[in-house]
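Read top to bottom, the protein sequences are chains A and B.
Heads up, the first sequence stops at 458 in numbering that gives the first Met the number 0, and the numbers go up one at a time, no gaps.
Heads up, the second sequence stops at 458 in numbering that gives the first Met the number 0, and the numbers go up one at a time, no gaps.
Calculated from the structure, these hints are not laboratory results.
These figures come from a predicted structure and were not determined experimentally.
Hints may contain errors.
What the hints assert, rightly or not - Partial chain B-side listing against chain A, Cβ under 10 Å, derived: (1) L49; (2) W81; (3) V132; (4) M150; (5) R174; (6) I384; (7) L425; (8) F431; (9) Y441.
No residue lacks a Cβ here, since even glycine has one placed at the ideal position from N, Cα and C.
Number of protein chains: 2
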Amino acid sequence: MPPADKNRTKFLLDEKDIPTQWYNIQADLKSPLPPVLHPGTGKPIGPQDLAPLFPMELIKQEVSQERWIEIPEEVRDVLRLWRPSPLFRARRLEKALGTPAHIYYKYEGVSPAGSHKPNTAVAQVYYNKKEKVTRISTETGAGQWGSALSMACNFFGLQCKVYMVKVSYQQKPYRRIMMETWGAQVVASPSSDTQAGKKVLAEDPNSPGSLGIAISEAVEDAATREDTKYSLGSVLNHVLTHQTVIGLEAKKQLEKADDEADIIVGCAGGGSNFAGLAFPFAADKLSGKKKKVRIVAVEPSACPSLTKGKYVYDFGDTVGLTPLVKMHTLGHGFIPAPLHAGGLRYHGMAPLVCKLYADGVIEAVAVPQIATFQAALQFAKSEGIIPAPESAHAIRVVIDEALACKKAGKRKTILFNLSGHGHFDLGAYEAFLAGKLQDYEYPAEKIAEALRGVPEVKA
Amino acid sequence: MPPADKNRTKFLLDEKDIPTQWYNIQADLKSPLPPVLHPGTGKPIGPQDLAPLFPMELIKQEVSQERWIEIPEEVRDVLRLWRPSPLFRARRLEKALGTPAHIYYKYEGVSPAGSHKPNTAVAQVYYNKKEKVTRISTETGAGQWGSALSMACNFFGLQCKVYMVKVSYQQKPYRRIMMETWGAQVVASPSSDTQAGKKVLAEDPNSPGSLGIAISEAVEDAATREDTKYSLGSVLNHVLTHQTVIGLEAKKQLEKADDEADIIVGCAGGGSNFAGLAFPFAADKLSGKKKKVRIVAVEPSACPSLTKGKYVYDFGDTVGLTPLVKMHTLGHGFIPAPLHAGGLRYHGMAPLVCKLYADGVIEAVAVPQIATFQAALQFAKSEGIIPAPESAHAIRVVIDEALACKKAGKRKTILFNLSGHGHFDLGAYEAFLAGKLQDYEYPAEKIAEALRGVPEVKA
């Protein structure tokens, strides 16, 4: 290693270093993932149950036990528009904190859509196209996932229909325009384009919408049209697998930095950016190669699925239409407080992340909103980049760990995923700077109530 | 050169490849730049006239005839947070156009502020700090420059006061919040913080403000406070010199691509992003090393200073307070139509750019707004990145040149500066997608009228 590396800020890889295979952690779990169950029969679902919604290759990946899954050349050809993403050493943040810790961050905001989401969007659209699908439907809240999918559909020439939660559609027009710029059709949900939407509108014409309603609309759209499949931006196994390019690259980059991670940190809403960075490192822990690495998922204290939820079977959506999956859940009826990190307001968590948590492979921490934005501001002032509020949850824990290193006089290497930039979240920063943000109490009673609605399943 | 390079999309450089010297084109001009004149005496101004506003090192750089100016290590240390910026080969755009041309773009949107502006902001703040200045004032229109300067002041621990044109302050809150996140104080101009602002407000309490008024406020702020200097984001010689890191890097990157530029394209408002890319290539043209390279500045047809203006002495601001500079001007009283490319709505042009145009070293083209957004959309759909409306002017000409190559069956290499992303300009995209944009007629009469207001100067 040339000595110059020791002073570097950025660790870059060449396009040829984009991984050629995704890492599928299912191959290395201590025991198999609990099966997904049909909500009616309570029996494990099969590929045929999912076929109306997903192309067969993604259904295969969902249950694959192969450790490595080939990344098609056509997918890598799109990924290289922004990948490999840079690994940064946060030297200015280290200095501001006065910590002996080394802090690194993998920056996924370099994708044109501004987050890690396109990593799976591109792969999903590719497999759909290969199986002659010409149109994809999906839902989006604040718009991160919708814009990633819109861009990916545009690259492969597929039509894209996005059901965007009405309140976001009205309040966050920029994400909508971004999707339209890439050619997607975006409607406010509830819409009159589906039976599900019409039903909600009949009951309440002024409904602000919800992610649950938008999911219902997007699923109905796909289920009722021959040319259309449905696409999900997180939670599912294949989505998490697609995101492992993040961690696979980061491992190579840390090698270039001649460093080794002691602590891996990622925020976790559905779980995909966390998994993308963490799973390749978790592999070394599972294999016994690096037993001591700590892997920390960070969630908002207002929506603490891992730290306060129950590891039981529950519905993936809020309405109760999806198959039942075993995960840490606050109850599908739990409605989290109006946090600014929209991507972390999910009642459940990716089953793979939950399994690792249950098996003691990873840790979880919940952090409150104001402390999170304090960390975001300190990061922006040190490193320049204004982080997405979701990613800022990881930064909060990174700063806390770095300060603990300072106190203990220990030099540890901390790596986290800066999953996106905050260019479309500056309203949240304004509220923070004006002292208008609030912390939400840990809603113990609401969670207990929502958990009473979780269906009983004999696994 | 390894053959793999031939298929690459991105050409990256190492941090150690950040230039160590800026290129000062004054050393290579065919004849010296006409002097800047005092508006009262009509005589050339000296360093002492500028000393209240700028630190001495920048005043020296403004008139320096040295070809190379050392970049301080402290400046490079900040630049490496995002530099070297990537050079992209636009393979997907080439394919979409079916052109034999090679299209490359240097992407400056990777800076945390989202444009090329921080390249000079960091340098300017550094020299101010070195001369014990603790506070900097400036004006900003849509906010690109204000955010770059805010970020730079934050890194060096200086206070920053930004006078933001009131109509932008109200309509584009995100840029303002970005500045505040980095710690700047932002006020809507006209403000009651200055005599100039108070005067305007007394006459019209509802004044929407203008860049001219904001300049007056920022200059007064600096001139009346011992701790404060003033900072400009374009037009001046030292600003353009600081931007040459762009072209110096691009030259190295084209070498890595084993390619040579035939046509260099940049949009030109004040002239700094154009100059930043073009001047290092213009050097080869001036020296006779590469006589045939074409260098094209692109301006909006609604504000065509190079193509329709006169090369005469005029005021740099709209009010008529600055020294007189020889430049292509539409008359300092010319008010351009409300284009969405706010950064290109300037009545004049950087004197260095004008000199090269007058000497026949560079060309200029004016393009209309709708065709510009058509090019922006084609680029976004091909390459993913949504360009700033300013940069899209360059893209329009690049596409036209690439199509001319197709028609002629000629393979040329075109390089342009993608000076920023359009994340804060999506309102303009929405207007375009909705068919609500308009082209503005070439305002011959308005320009003729404004030109009658240009002061008579015997040079």
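Cross-check of the supplied hints:
1. L49: violated (30 Å)
2. W81: holds (7 Å)
3. V132: Violated - the Cβ of V132 of chain B stays beyond 10 Å from chain A, reaching only about 20 Å at its closest.
4. M150: Holds, about 6 Å.
5. R174: holds (8 Å)
6. I384: Interface hint status for I384 of chain B: holds (5 Å vs cutoff 10 Å).
7. L425: Since chain A brings a Cβ to about 4 Å from L425 of chain B, closer than 10 Å, the hint holds.
8. F431: holds (9 Å)
9. Y441: violated (28 Å)
Hint compliance for this structure: hints 1, 3 and 9 are broken, all remaining hints hold.
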